[in-house]
Structure formats: structure tokens, C-alpha cells
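Following the hints, complete the assembly by docking chains B, C and D onto the known chain A.
Protein chains in written order, with the numbering used here: chain A, 1 to 326; chain B, 1 to 326; chain C, 1 to 326; chain D, 1 to 326.
Please keep in mind that the hints were generated in silico from the structure rather than gathered at the bench.
Since this is a predicted model, take the numbers as computed values, not measurements.
Distance windows between CB atoms, simulated:
id : chain 1 : residue 1 : chain 2 : residue 2 : range
1  : C       : R32       : B       : R95       : 44 to 54 Å
2  : D       : H106      : B       : K302      : 41 to 51 Å
3  : C       : S86       : B       : V83       : 44 to 54 Å
4  : A       : A162      : D       : D82       : 24 to 34 Å
5  : C       : P47       : B       : L96       : 31 to 41 Å
Here are the computed lysine-lysine pairs in the DSS-like style, where the Cα-Cα straight-line distance is at most 27 Å:
id : chain 1 : residue 1 : chain 2 : residue 2
6  : A       : K302      : B       : K105
7  : B       : K186      : C       : K186
8  : C       : K290      : D       : K178
9  : B       : K290      : A       : K105
10 : A       : K186      : D       : K186
11 : A       : K290      : B       : K178
12 : D       : K105      : C       : K290
13 : A       : K178      : D       : K290
14 : C       : K178      : D       : K290
15 : B       : K303      : A       : K105
16 : C       : K303      : D       : K105
17 : D       : K105      : A       : K290
18 : C       : K178      : B       : K290
19 : A       : K290      : A       : K302
20 : A       : K105      : C       : K105
21 : D       : K105      : B       : K105
22 : A       : K55       : A       : K303
23 : C       : K290      : B       : K178
24 : C       : K105      : D       : K290
25 : C       : K105      : D       : K302
Each residue gets a CB set at the ideal place from its N, CA and C atoms; glycine is no exception.
4 protein chains.
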Amino acid sequence: GLSLDIVCRALQNDLVIPRWSPFVEDLRKMYRECAAIEEGQVATYIPQLARQSPKLWGVSLCTVDGQRAFNYAIVASDLGADVVHSYVGQEPSGRLFNEICLDSKHKPHNPMVNSGAIIITSLIKNKLNMADRFDFVLQEYRKIAGNEYIGFDNATFLSERASADRNYALAYYMKENKCFPPEVIKSESLTDELDFYFQLCSIEANCESLSVMAATLANGGVCPITNETCINPNPCRDVLSLMYSCGMYDASGQFSFSVGLPAKSGVSGAMIVVVPNVLGLCLFSPPLDKLGNSFRGVSLCKKLISRFNFHNYDCLVHSTSNKIDP
Amino acid sequence: GLSLDIVCRALQNDLVIPRWSPFVEDLRKMYRECAAIEEGQVATYIPQLARQSPKLWGVSLCTVDGQRAFNYAIVASDLGADVVHSYVGQEPSGRLFNEICLDSKHKPHNPMVNSGAIIITSLIKNKLNMADRFDFVLQEYRKIAGNEYIGFDNATFLSERASADRNYALAYYMKENKCFPPEVIKSESLTDELDFYFQLCSIEANCESLSVMAATLANGGVCPITNETCINPNPCRDVLSLMYSCGMYDASGQFSFSVGLPAKSGVSGAMIVVVPNVLGLCLFSPPLDKLGNSFRGVSLCKKLISRFNFHNYDCLVHSTSNKIDP
Amino acid sequence: GLSLDIVCRALQNDLVIPRWSPFVEDLRKMYRECAAIEEGQVATYIPQLARQSPKLWGVSLCTVDGQRAFNYAIVASDLGADVVHSYVGQEPSGRLFNEICLDSKHKPHNPMVNSGAIIITSLIKNKLNMADRFDFVLQEYRKIAGNEYIGFDNATFLSERASADRNYALAYYMKENKCFPPEVIKSESLTDELDFYFQLCSIEANCESLSVMAATLANGGVCPITNETCINPNPCRDVLSLMYSCGMYDASGQFSFSVGLPAKSGVSGAMIVVVPNVLGLCLFSPPLDKLGNSFRGVSLCKKLISRFNFHNYDCLVHSTSNKIDP
Amino acid sequence: GLSLDIVCRALQNDLVIPRWSPFVEDLRKMYRECAAIEEGQVATYIPQLARQSPKLWGVSLCTVDGQRAFNYAIVASDLGADVVHSYVGQEPSGRLFNEICLDSKHKPHNPMVNSGAIIITSLIKNKLNMADRFDFVLQEYRKIAGNEYIGFDNATFLSERASADRNYALAYYMKENKCFPPEVIKSESLTDELDFYFQLCSIEANCESLSVMAATLANGGVCPITNETCINPNPCRDVLSLMYSCGMYDASGQFSFSVGLPAKSGVSGAMIVVVPNVLGLCLFSPPLDKLGNSFRGVSLCKKLISRFNFHNYDCLVHSTSNKIDP
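Bound-form chain A, shown alone (with noise of 0.2 Å):
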């Protein structure tokens, strides 16, 4: 069932969307055709997801699937986007998502890639042990959530870490090609390292927790229910930045073209979507496109962008469009 406060969360201004209630049900409309679709498969790259349901659609409990724009953002905040991006870059890559290739300065293209991912995880507090820098992520999870649910799943920590070829093949690669900071450069660590990788992967959230995460975003970095900053100003801009630009895997350019918002959707179906100084969403629905998004939060999105004034560019005077500002 639905529980629309669970889906969305608008920012706890009450003046951000002044009618409140024919816009909820404008959305409750969108979710029940939503439900609808039946196409989209499940990923079945880890046996954990393999077994979700296509039916579940909104409520569930999930990994935090936009993690790697939290990664992002804890690191950014912790240490400048200037250190971040002296490991990273910010191009989009025109490539699969885990494809065995980094840029022309040898760094991953971005953080939304799984070089990119691992190579920001490698940057949190690793001067700490490793108890007490997954400690630290998940307290960072805890404040941008607003202290909704946020567990871990061992299973599928477990999962991620005996499907984990490729993601082994990529950290060799990188260390190779010195990718790694200083402090994660002896090959015994390298395995320590993915292990944290693979845990923060395995970070569960639900709805309620993931649709505050979002809202936090598009709050410039302050939680809507605690109202704590919890993201800094800048790196909270720059993940949106990113989102919009490489959030979608490789729809990610159709996605900010047609819909125009950050977004930042993961395997396990879950999807997180930002309308800044409005509100978070999460999205959940395991079968997915052929790109790797779900294909039940894509729609949504689009129906949402087709009758609210959300786009990036919808802003722009001179529109004729009937599009309604909430």
C-alpha cells in the first residue's frame, strides 16, 4: 500500500507547496498507474536482489541506493571538493557503469561510476580504523536522514562481496595506475578497503529514510526534521550537480533531458530524486529498464515532470506551458 508521506517528503517549509493536498493527490494518481506497468526485470547480478519481488512498488525496505551521492557528499564536506576532485573527476563517462577504463588523467571519470564510487569510499576518514570509519558513515547517514531507520544487511554484504569479480578487477587496475590515496596503497588494505565498499553498499534504508535523505538535498545540506546541517553548502550543489549529470548510469543524459532533475537511482530498484528547495523523493520498484534504472520510478517521473513545472529549465519566462506550479 501506499503511504504518501513515506514516498515524498516536502521541505518543512509549509510554503513550499501551498496546496498540499490536490498535489498528494495528484501523485497517489501517478502511483496507481505506476503500479500498473509490468515490464522490467529484476537484477539478478547478486542472488540477494534476484529474489525481490516485481511487485514491491514504494514501500520496502532497501539498500540506500543513492549512496554514492552520499558518499560523495560526506567526503566533500569532510575534506573539499578540491582534494574529492584531485582523485575523481566530473565527466560523464559514455561508458557501463563498471567498464574497466579511467580518464585521461587516469582517475575514474566520476563518483557515480564504480571506480569513482570506490575510490570516494577510500577517502572516508581513512585514517581511522575501519570499525570507526563505518561507524562514522553510518552516523552521517543517521543526521542526513533525520534519524528515520537506516540498518545494515549482512546478506547482502555477504552477496556483494562473493559476486565481486569485477569490482576487484577494477581496485587492481586503479592501484595499478595509482588512483588510490597514499593511505590505501599495501595490497592487504586493498582488500580492506573493498570489504568497506561492499559494507556501505549493504547500508539499508527505507522509503521514509531514503525520501528524508533526499529532501536533505534539496534543502541545501539541512535536514527538513532535525534541521541540522549535515551536508555543506557547496558540496551539497556539487551532488546535485553530479546527480543531474551521471546519476542515471547511461540514461543519464535522456534523464536530465526529459525530466531535468538530480536524480541518482542503484540496482536494487530504489531510486532517489531531488527537486531542489521543494522536495526528496525515493522511489522504489525492483524491475528494471534495460539501463539499469526502474522502470516504475522513471515513469513516475516523467508523469511528474509532464504536470508540475519541476525541469531544470521550466523556469524559463515565455513558457506557454500549462504546467502547474504546485
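What follows is chains B, C and D alone, placed relative to chain A:
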């Protein structure tokens, strides 16, 4: 010398930039700082370009380097985005702008790479004869430019055509892959189509007219001088999306990350920048950086964005920056 | 029907295959076994080829599918290997035969891929006019074929030219990379050069004449019928080296590993095979395997090599095989 | 100094090179000429190699640089070519020897590139424990070397393992693509397998023993010193085929074109060359050319082939060359 009402042109609504005079003074200062930059190389791929003085900065005759953006906007206004994007994609390619490759559907990656620009050109009024097609485009350009100077540089045309081996290779490769509309399939007409493409590459403007063209995009497709609707609202939104994601060659991701504005640059060293609803800029300076963008032009954009809140996500609430909203 | 003295032709020295009659009987048996093979697809890239009957096996008109080998041999006899290989390399490309790529020195990988074959053609008597150039090649082919039938199939020429998009793309890409000899640099003459290339692709032979051509290579460049030296000794050695390493498209390594003989196949389904100092074979059967080689042709070669000691390294001492030395 | 019966070793049959003394004198002269060559760079990819003197030429300890050839021959003798080639192809890759790529059937291109060599190693007696597997290979090498010196350089092993990022990346990439035999699928054993691979890379020989190993290949798999059959006839033929087409890295095509002999070179600067039925050579000189082959070694081969009729197709009748048949 600089005449700033030539370099940039705020929208005709007097309230858009209320403190006009200090804003212009700021821009003038940035202009002078960038004039001191000596880096970058003048493009040499055709002799007409190689002869450009590296000292040129700001006011000069130049080819319409944003022509790919405008050709796209013209075709999309004429045929609609659906027809256009059945021939050309919307994804950054992650490759060089002139690389001989297509996307997984055997289409050019987007309208801003060479292959996509050739196909877009072939869609322009392709049932008319060549003279009428050229005339149509010229009239459209003049409308967008508010009747400021738009000319034709025949030497550039001849030079382009004489250095066209790669474009011929691209065109035949696309012909093999059935990328062209059915109207353009006979090999005799391929030469005509490329001539048309080179002619559109040789349309000439000056900084004044180009800045008006940029301002028309900033103004939702309505020319701020004549108040005439030149580009339909949806194509105008779409061309800004494409300029944002693919307009600056292989530095597009980096530019949208750090500057966060739709822009289109060209090898002549001219670039247009659009601040939606605010203003259009034309920057012109032949020395290029390694990725093919005007060195002084990109520098000025970075200065601009560090002082004014023009970045795509500068609007975020809770920003602590002391950027100016002019 | 089969007339084996058409399919293969031992060198004129009566002692080369002393037990001629059982050898022919063995071959006849292999021929019949291969005639039963129904696998493979007739090539369809030009209509003239698509109309070939899949039943054809052994005796028929076909284009000179080894033409790349003979064109190379003719040019190398005329200009010397050093001149020729300043334009074209000797390495297998590891890519498809018509892929748009060059080696690290911006030269075609070898004379057997499309790009290399086009350059080799452009080196043939390129100071003469087109008619004389064509005539020169035809005379050379007739010498190599001992005055057996060599003709010209104009329908194939027209068909090749009408399906030539990829070859045009390749040619312009090579023109951009300055692969052509200085005599061939004006864009008008590029069309002429490709016409010449398509004409040489349309020279026609029958199995009898092609087997004589193969036998001339087996005989060190001296036609076994006329005893005329048609190809100089070094070019003859070199063309066998190239056929051995690059003659069977992407199956060249596999073919030289398992069959160990220089061969050249073509999309019409004809292939020539050379047993040095012993004989030349022409095998013709239009159905092709996935890599573009004649299914029955390759099958017969494998049968041949499992019975006779013709493999490149079958000469090794201490071999315990019971292969026959015919 | 040079002791030519160390550098090369004709087969034990006295009649193979009847005029032995002038042949040795010729070789001695070539050796002195090549000693004067100062070009090429000592390999630096592991410290143990970087310390080699560029002056070394001909007589020295070196790792068995043809080990890929011998490992293949040993496995193929043990399991048969069909089993081996169900895991590894026979085509030149057209790429760098250590590039992260597989062929269209998701197998390594051939046993001579890094990926193929790793798979070949994993096929060696993979039901035994590691100690017994290593011992097996060492015994086989000693048989092939006629009990000349074969040792183990532990410093090279440790150095290889410490510089192994690319090989780890390759191994995990192949594990993902299911390239390994079923015996080697658990991630723990992948590390063991790579250790085994690095150990085989660290087997040591001197020029004398390596030249005997080459001579065993020249002699159809029978060691010319002990007369023991070490490699079965078919694998011996096959390994010569592979050395001929893929043994000299990216210069394999060029080498087989101009020299026409099976050879295998390695980064230590040692190379073995086989003149079938005549002799085996070991050439050792650390400075390498750009493609990774010993500069002096390749030079001597070219001198050799310009004087003696050893090229694969030098046997052609009607050759007018005045090459010597020693």
C-alpha cells in the same frame, strides 16, 4: 576595446538586473583581468582560423560558434523534439567530438558532436532546394539575433570544405548505418548535404549579434529586442538542457559542475553562455585550451560564477555563500 | 560437377607429387564429403553476391578473391617491399577486416584488410591514367594465371560501388591521416581511386584460372604453365607470409594454427590455398561461416591437412604421425 | 665474452649443419656487430629487471623468457590441444600483451599474452598441491633443457608479486568471465594460482640451458642432448605455430614477415629462436626496443636471415637469392 553592452545583454525587462551599473562594472573588471591571460593555442584545423590573432578578446567578427545549438533549436521548433530525437540521442558521448562512433542504437550521441550536427543539418527543410534551405536558416538566425549582423564568410566555407576528410568519413559511416533521413540517401546528395553543413558552419556574426542570440535562449525563445518568438518554448528548454550537458566538448561535465550554466563553444574561440531568465553572453577569444574551449572565455565564466549566484544550483536554500544576486 | 585438375594444380615438375593418381582420388573423396555440408550463409553485402547459389562448390565463375594477395605481389614486384611497407604494415589487426582504424603509426595494419587493400591499389602504377592502370593489372593477372580465363564483371563493379559507404568512410579517414601516396591527394581523385579499387574487386576468374594463380605463388612466382616469372622471388615469399598471418580474416590465427598453409579467402566464397613448392588450390563455395570464410573450403583444408603432411611445421623431425607425403 | 656453443646449439645430428666451422664464424661476426648496438631501454616494470646491465649480451643468468611457450607445450602434452584450446584461443590479439580484454568467446586471445599465460598456468596439474605442481614444471623444464642449469630466483618472484596489480586485475576480470577451469574458482585459490604463475615466471636459466630448450623445440620435442621425448609431436608443432604468430608481442607480424622463424621474447631481454630441424638459439641482451623485444636479439635475427636461408618461405623454388644453406 570593450563595449560591454556588446559582450553581454541583459533581458529587456528592466527589473532583471536592477543594479545594472555596478554589475557592468564588475564584468568590466573581469574582462580586463582575463585580457591579461596569455595561455591557450589558436585552432589551426583550417587556415582561416589559424590566422586569427591570439590577442582578440571580446569584440570581433566570428562564425556563429553556437550554430549547433541554434540549428537544433530551429529544427526542433520546426519538426518537434520527438522527430528530431528519432535521429539523434541526448547522451554525452564520453569521446572526442569528431570521433567515428555512434551510440548503441546506431545514432549520433547528441546534436553537439560533429556526427549529430551533420544529421541535424540534414533535417532542416530537406524537401526544399539548397538555396531556399540556406535562406531559411539565415532568416531564422536573423530573427534570433534581433536583426543584428548575420553574414556569410565564403573563405571559411571553402576552407571547411577543403579540410573535410573527417566529416566525409563520418558522413559515409552514418550513411552506411542509415542515420540520415530518407530524403538524404543518394550519394550525390551526400555531397550537397555536407556543403550545406559547411555553409551553416560559415555563417558569420559579431559579438553583439551572438549575445542577442544567447539572450533569446535566456529569454525562453523570445528575442528580447524585437519581442518576437523565434524558438518554441519546449525546444528552447531542450537546447539549454543539451548545452548544459554537452556544449563544452570533453569539458562539458567539468563546466556544468563548476560553472553550472548552459554554454556552447566553438573552435573559432567564440562561446555563448546563457543565464536563464537573466542574460546572454558572447565571449570571443581565439586561444583555446587543450579541450578546445576559449581560455579567456572559460576563465571569465569562472570569475562570473564565483561572484554572482548564477550556478544552476546556487538557488539552494540554506546556502551560506556571499554571492551577489545582481 | 568436379574436374579435379580444375580444382587444384600441382606444379609442373612431374616429380612433385609422384603418386598423382591416389592423391587425386583422396582429394575427390574429400570433395564429395564436403559437398554434403549444408552449413554457412551466402554473403549478402552486395546483391550480386546474395544471388549466388549455396549449392555451388568447386567449379564456377567467381571474382578473384585472392586479389588482395595478387595486387600486393604485383605492387611489391614493381616498387619493392620497402616502398610498399612505408605505406602499409604487416601485423594482424585483431579487428574486423573493415573496421575504421589504423595502427600506431597511422598506417593500415596490413595489405589484407580493406584499408590496406585500398592503399595497395593506390600504389599500382599511379602515374598512368586509369585505363592504363586497369590494363596493366589485367595483363599481370593473365600472366600469373598462365593465360587461363580472366575477365571483368561490370555488375559486380556497379554493385560494389553502390554499397561502398564503409569504403568511402575508410578512404576519407585515411586521407585525413595522410595514408595515401602523394600522387593521390586531391579529393576528385579519391573517387577515381575507389572506382579503380572496386574495378579490381570485380575482376573475374574461374576455379581453373585461380588455381593456376595459386600455383604460381606455390612455385616461387614462376607460372607453372608458361614458366614465365610473374612475381619476383622476394615479393612471392612476402605475400605467402602475409597470407599465412592475415589471409583468413579473423580466423587467420586459427587457420594457420590448425591448417598451417598460406591462404586468402573472400566474401564470394572462393579461396586460394598454397602448398609451397607443391601445388595451388582454388576452392569455391558461397556459403560462409561466421567469420566470412567458405564453410566447405575450410572443411576441405582441414581434411587435407589431417591426411597429408602439408602443415607449415609438419616437416619436424621425430614426428610420429602417419600423415602421407604424397 | 662469447662461447658460441652456448649461444646456439645445432641439433645433434652431425649432418644438420655440415660446414659447422664457417657457420660458427659467421655467427660470431654477427654477435660482435650486434654488441656494438647501444639502442633500447632496459625494462623497469620490476626492480629486479631494472638493475640489469645494458651491456649484457649473450651469456648470463636470465629468467626463462620463453616460459609461456614451454608451459603451453607442457600442458598440451599433458591434456591435449583440444582441452587447452577450449580455454585459450589462437589469434594474435592486435592489442598490448597485458591489455584487459578477451576475445569474442570471452577467452584469452592466445597463450602468449598475459591473460592466456595465466590460464595456461592454471591448467598445469591443477589437482595436485602447489608444491607438487611447481616440482612437476621444474622437472619438465630440466628434461627439455637436457639437464642443463634450471634454477629459481626468489627475488624475481617477490618482485613480480609486488608489481602484480595488472595481473590481479586481469585474473579477477577472467574470473568474472568464467575463464578459469572449474578447479580454480574459489577466490582464495586465485591468489594461490597467481603465486604459482609468478613462480613459473621466476624460473631461471642461462643461455646454455635456454638454447637447449629451444633446440628441443627445433628437434620435434626430443631433447637433442638426452634424446628423450619431452614434448609430444603435435604440441611441439602447435607451440611453433603460436610462437610464429604471437611470440614477439606487437611486433609478431613484422618479425614473422621479415625473419620468418618461431621465436618468443620476454621483458628480461632474453629470446629464443627456433630454426625447425636445424637449431635453437638463445639471445640475451636487456635493452629493449619500443615493443618490448631485445634490440640486439632482433638485430642478430635479421642478420642471420639475410645470410642463411632460414626464413619460413626461403625454401621456395625459383628463388634467385644467394642465401647460404649452411
